[in-house]
Amino acid sequence: MSYILEGSTGPWEIVVGLEVHCQVISKSKLFSGASTKFGNEPNSNVSLVDAAMPGMLPVVNAECVRQAVKTGLGLKAKINKESVFARKNYFYADLPQGYQISQFDKPIVGEGTIILDMPDGSTKSVGIERLHLEQDAGKSMHDQDPKYSHIDLNRSGVALMEIVSMPDIRSPEEAGAYLTKLRAIVRYLGTCDGNMNEGSMRCDANVSVRRPGEGFGTRCEIKNVNSIRFVMQAIEIEAKRQIEVIEGGGEIQQETRLYDQRLGETRSMRSKEMAHDYRYFPDPDLLPLVFDDAFISEIEKELPELPDEKKARFMRENGLSAYDAGVLVAEKEKADYYEVVAKGRDGKLAANWVITNLFGALNKAEVGIADSPVTAENLGKLIDLISDDTISGRIAKDVFEIMIETGGDPEKIVEEKGLKQITDTGAIETAIDEVIAANPDKVEEIRAGKDKMLGWFVGQVMKSTGGKANPGMVNKLLRDKILG
Amino acid sequence: MTDLTKLTLAEARDGLAKGDYTSVELTEAHLKSMDAHRNLNAYITETPEKAMEMAKASDAKRAKGSAGKMEGLPIAVKDLFCTEGVQTTAASHILEGFKPEYESTVTSNLFGNGAVMLGKANLDEFAMGSSNTSSYYGNVINPWKDKSGKDLVPGGSSGGSAAAVAANMALAATGTDTGGSIRQPASYCGIVGLKPTYGRCSRWGIVAFASSLDQAGPMTKTVRDAAIMLGSMAGHDAKDSTSAPIAVPDFEAALTGDIRGMKIGIPKEYRVDGMPEEISKLWDNGVAMLRDAGAEVVDVTLPHTKYALGTYYIVAPAEASSNLARYDGLRYGQRVMDDGDSLDDMYMKSRAAGFGKEVQRRIMIGTYVLSAGYYDAYYNKALKVRRRIYQDFEGAFGQVDAILTPTAPSAAFAIGENEGDPVKMYLNDVFTVPASLAGLPGISVPTGLSAEGLPLGLQLIGKPFDEETVLRVGGVLESAANFTAKPAGQEG
Numbered sequence: 020m021s022y023i024l025e026g027s028t029g030p031w032e033i034v035v036g037l038e039v040h041c042q043v044i045s046k047s048k049l050f051s052g053a054s055t056k057f058g059n060e061p062n063s064n065v066s067l068v069d070a071a072m073p074g075m076l077p078v079v080n081a082e083c084v085r086q087a088v089k090t091g092l093g094l095k096a097k098i099n100k101e102s103v104f105a106r107k108n109y110f111y112a113d114l115p116q117g118y119q120i121s122q123f124d125k126p127i128v129g130e131g132t133i134i135l136d137m138p139d140g141s142t143k144s145v146g147i148e149r150l151h152l153e154q155d156a157g158k159s160m161h162d163q164d165p166k167y168s169h170i171d172l173n174r175s176g177v178a179l180m181e182i183v184s185m186p187d188i189r190s191p192e193e194a195g196a197y198l199t200k201l202r203a204i205v206r207y208l209g210t211c212d213g214n215m216n217e218g219s220m221r222c223d224a225n226v227s228v229r230r231p232g233e234g235f236g237t238r239c240e241i242k243n244v245n246s247i248r249f250v251m252q253a254i255e256i257e258a259k260r261q262i263e264v265i266e267g268g269g270e271i272q273q274e275t276r277l278y279d280q281r282l283g284e285t286r287s288m289r290s291k292e293m294a295h296d297y298r299y300f301p302d303p304d305l306l307p308l309v310f311d312d313a314f315i316s317e318i319e320k321e322l323p324e325l326p327d328e329k330k331a332r333f334m335r336e337n338g339l340s341a342y343d344a345g346v347l348v349a350e351k352e353k354a355d356y357y358e359v360v361a362k363g364r365d366g367k368l369a370a371n372w373v374i375t376n377l378f379g380a381l382n383k384a385e386v387g388i389a390d391s392p393v394t395a396e397n398l399g400k401l402i403d404l405i406s407d408d409t410i411s412g413r414i415a416k417d418v419f420e421i422m423i424e425t426g427g428d429p430e431k432i433v434e435e436k437g438l439k440q441i442t443d444t445g446a447i448e449t450a451i452d453e454v455i456a457a458n459p460d461k462v463e464e465i466r467a468g469k470d471k472m473l474g475w476f477v478g479q480v481m482k483s484t485g486g487k488a489n490p491g492m493v494n495k496l497l498r499d500k501i502l503g
Numbered sequence: 134m135t136d137l138t139k140l141t142l143a144e145a146r147d148g149l150a151k152g153d154y155t156s157v158e159l160t161e162a163h164l165k166s167m168d169a170h171r172n173l174n175a176y177i178t179e180t181p182e183k184a185m186e187m188a189k190a191s192d193a194k195r196a197k198g199s200a201g202k203m204e205g206l207p208i209a210v211k212d213l214f215c216t217e218g219v220q221t222t223a224a225s226h227i228l229e230g231f232k233p234e235y236e237s238t239v240t241s242n243l244f245g246n247g248a249v250m251l252g253k254a255n256l257d258e259f260a261m262g263s264s265n266t267s268s269y270y271g272n273v274i275n276p277w278k279d280k281s282g283k284d285l286v287p288g289g290s291s292g293g294s295a296a297a298v299a300a301n302m303a304l305a306a307t308g309t310d311t312g313g314s315i316r317q318p319a320s321y322c323g324i325v326g327l328k329p330t331y332g333r334c335s336r337w338g339i340v341a342f343a344s345s346l347d348q349a350g351p352m353t354k355t356v357r358d359a360a361i362m363l364g365s366m367a368g369h370d371a372k373d374s375t376s377a378p379i380a381v382p383d384f385e386a387a388l389t390g391d392i393r394g395m396k397i398g399i400p401k402e403y404r405v406d407g408m409p410e411e412i413s414k415l416w417d418n419g420v421a422m423l424r425d426a427g428a429e430v431v432d433v434t435l436p437h438t439k440y441a442l443g444t445y446y447i448v449a450p451a452e453a454s455s456n457l458a459r460y461d462g463l464r465y466g467q468r469v470m471d472d473g474d475s476l477d478d479m480y481m482k483s484r485a486a487g488f489g490k491e492v493q494r495r496i497m498i499g500t501y502v503l504s505a506g507y508y509d510a511y512y513n514k515a516l517k518v519r520r521r522i523y524q525d526f527e528g529a530f531g532q533v534d535a536i537l538t539p540t541a542p543s544a545a546f547a548i549g550e551n552e553g554d555p556v557k558m559y560l561n562d563v564f565t566v567p568a569s570l571a572g573l574p575g576i577s578v579p580t581g582l583s584a585e586g587l588p589l590g591l592q593l594i595g596k597p598f599d600e601e602t603v604l605r606v607g608g609v610l611e612s613a614a615n616f617t618a619k620p621a622g623q624e625g
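Going line by line, the protein sequences match chains W and U.
Offset between the first sequence (1-based) and the numbering used here: plus 19.
Offset between the second sequence (1-based) and the numbering used here: plus 133.
Pulled out of the complex, with its shape left as it was, chain W reads as follows:
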């Protein structure tokens, strides 16, 4: 179903392309040996190269290159066997060299694809235009001193992958799904931690509007949005602004805008006329990056199973629905958890417990899967207790509540609390006999054809056994005794 914004003059479609900066997971920076560790004292992770001292030269970090190739393979993209680093020239206080080493017309990775998993279980594919490697800038701090800005160069020179999508995105939801999926892929690959709140993944959104079916409109770029939710909000707000401008007889100016999440508006940052002329040219300090097939296939061998493949396998091998499989693979930790629970057990039952009960409880407690009080092993044991009739499904829910609170072992909980299901026919018969003896009138009603009353008897027996009687046996024995 397509996403349409209704303006005063008719329907509008939005067109979005995203540029995502992913900080590469590596011990040292893209062109220097300085550490990439987050949160160190300002200006403590700075080499002579990062500070652009005279005569210093960049040397490319092979690990960052491997990470970029790995990400490219994960995006099913073309790996360019020859790519070139170029200088992007501009002056700023947090850019010591006076240029950023990036890639321009010859990026390391070319076209690829990301499959979006939409909330309704459908999928959509969005093209990747390119992925290139570049240096991050340092950080300017304007709130440390009334007269001066302070500069922290710890981040200066850290490797980033800029991943540029095609303008294939047509709604805020798709933008959200794109970022969610991209984040999942880089996390699966271990090439970026994907933490938007720490800035290790940042997003610029190119937004334009058009009448359905018409050509592209003029776009505006919204810079540096730092959460998926804000990206979705910013796109909608910017699209509505553009529609208002056009419908008011105005024209959209190509420009860079900022999203103010507090005021819920986008603001002009820099017009096209004010745009920098970056004077890109190949960096003469660096040789072109040249790979052979062996280098690429070696990295290919290291690729883990990615979300799309995992989802397909869960559907194929465990009989899960597309939706359930999609939920489970959205985060690698969730998928790993599920796999431990499902191993040697009924995959669908395991998925139910993981998605409905566990994820429900974790969401309520606002706890991530990594901090789940219930381990996958214990959840598996709980399912085993149900399967081998040690406890009923209903008791299992109580046991699960206790596990969430205490993190305990379900076998011990069942043991300690005496929750074992009563499967001894004699004991159940005794309980049934007592209920029948106390309610002769109701027995008559059933025998007169009021079947529903049987349920009431089951309830009474369960109550008198503290819920521990095997419900199936209770049912069968009651029928035998009253109707048999």
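Treat the hints with care, since some could be wrong.
[Unchecked claim] Okay, derived cross-link-like pairs now, SDA-like style, lysine to any residue, Cα gap no bigger than 20 Å in a straight line:
| id | chain 1 | residue 1 | chain 2 | residue 2 |
| --- | --- | --- | --- | --- |
| 1 | U | K482 | W | F110 |
| 2 | U | K517 | W | P307 |
| 3 | U | K372 | W | V79 |
| 4 | W | K125 | U | S504 |
| 5 | U | K372 | W | I120 |
| 6 | U | K401 | U | Y523 |
| 7 | U | K401 | U | V430 |
| 8 | U | K372 | W | F110 |
No wet-lab data here; the hints were simulated from the structure.
Mind docking chain U on chain W? Use the hints.
Positioned in the frame of chain W, the structure of chain U alone reads:
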């Protein structure tokens, strides 16, 4: 006792080995010579204490029985090489007072091999110039005088290095060459200057001018000295991605003096319009010397030569405009800022005050040729022409082992001459720039005197990483020319 400053590097090396004198004595003699010739302004920073310390340490090392290839030999270091704890200015105001916390790879190699540093030699600001008049620290005066006796330029950019060696203020000096900055001043000062193949010496720790062209090399009294010193400077450096991962040969061993059967190319395109008669004659004499030594002289063609200078003055300023962006007054060097100034104000004031005219001119040219809309017409086209120039040489080297040309179109000119016309100044590099663009090794060897009694050099250009042939042929040329003239006061 002989004047120790008049020794060649090889002689001093051998004398030290025999125990004829010590490094301390050699060094003291040179420090004295530096005192005597301070009027030439060849050094920006003299480091006598450091020199004496290094000399003493060297003598002690030798006493223990170990000696490096440059053990105890006092040299000048062009002030473009970063030297740990010693002011490094690139002859610019913007770096005044800058003391690096690191040692460039080349100087580190030299010092590791025992060389003693006398001081930091003057140069054109950021190595941009052919006359050494663009230095913030004043121009260098060529030790040679013409018949009128007026002060002449030493050439540039390594003018201080060339003057220091010519006036016996150093046994040898490091230079750097981007478009001729070793070879042209060597020619103007009557010494030997060798620009190695691009990638032979590490660029790490050398203040960058044009990264794809910059190359360090020796400036010496003889070809043998150049061979000795290059062997100590060169080598692969993992810190410079463009440094070549190849072994350093024994360059001195290449000086066999035998060039029989070698083919020497003479490119007709270098016989430019208006070439002075004496340069033309110098060249012809060189051809005759090599032929007499048994080489075969072959005409070759380098058809894109006429585009070389224009190409160079696009590529080099383009890279420079970016390389010099880091001098922003923020982290080191000069900062000019008034209360309440913005970041942009600080940039503009610091750079306006810190950079001289020629540097500013090249930054503007470079910024222009890289700007949107002009990139393809200038920079991109220049890269294509550069490729053609390289292919010209490739073609020529299919036929010959080395190419012989004049080093410069004239002898040293008077200070102040050519100053009003930057393009005329740029023409000094017309014979040296093509080899720079092609990354090839080139040596300038003094082979004659002009009518005014000034030294003139011939250039030999070799195949990539074939400095050995360049040195061997250069050695033969040197012997045949028997160039013994010295500047007034330095006669042996």
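Open item on the list: I'd like to know which numbered hints this structure contradicts. Please list them from smallest to largest.
Closed with: 8
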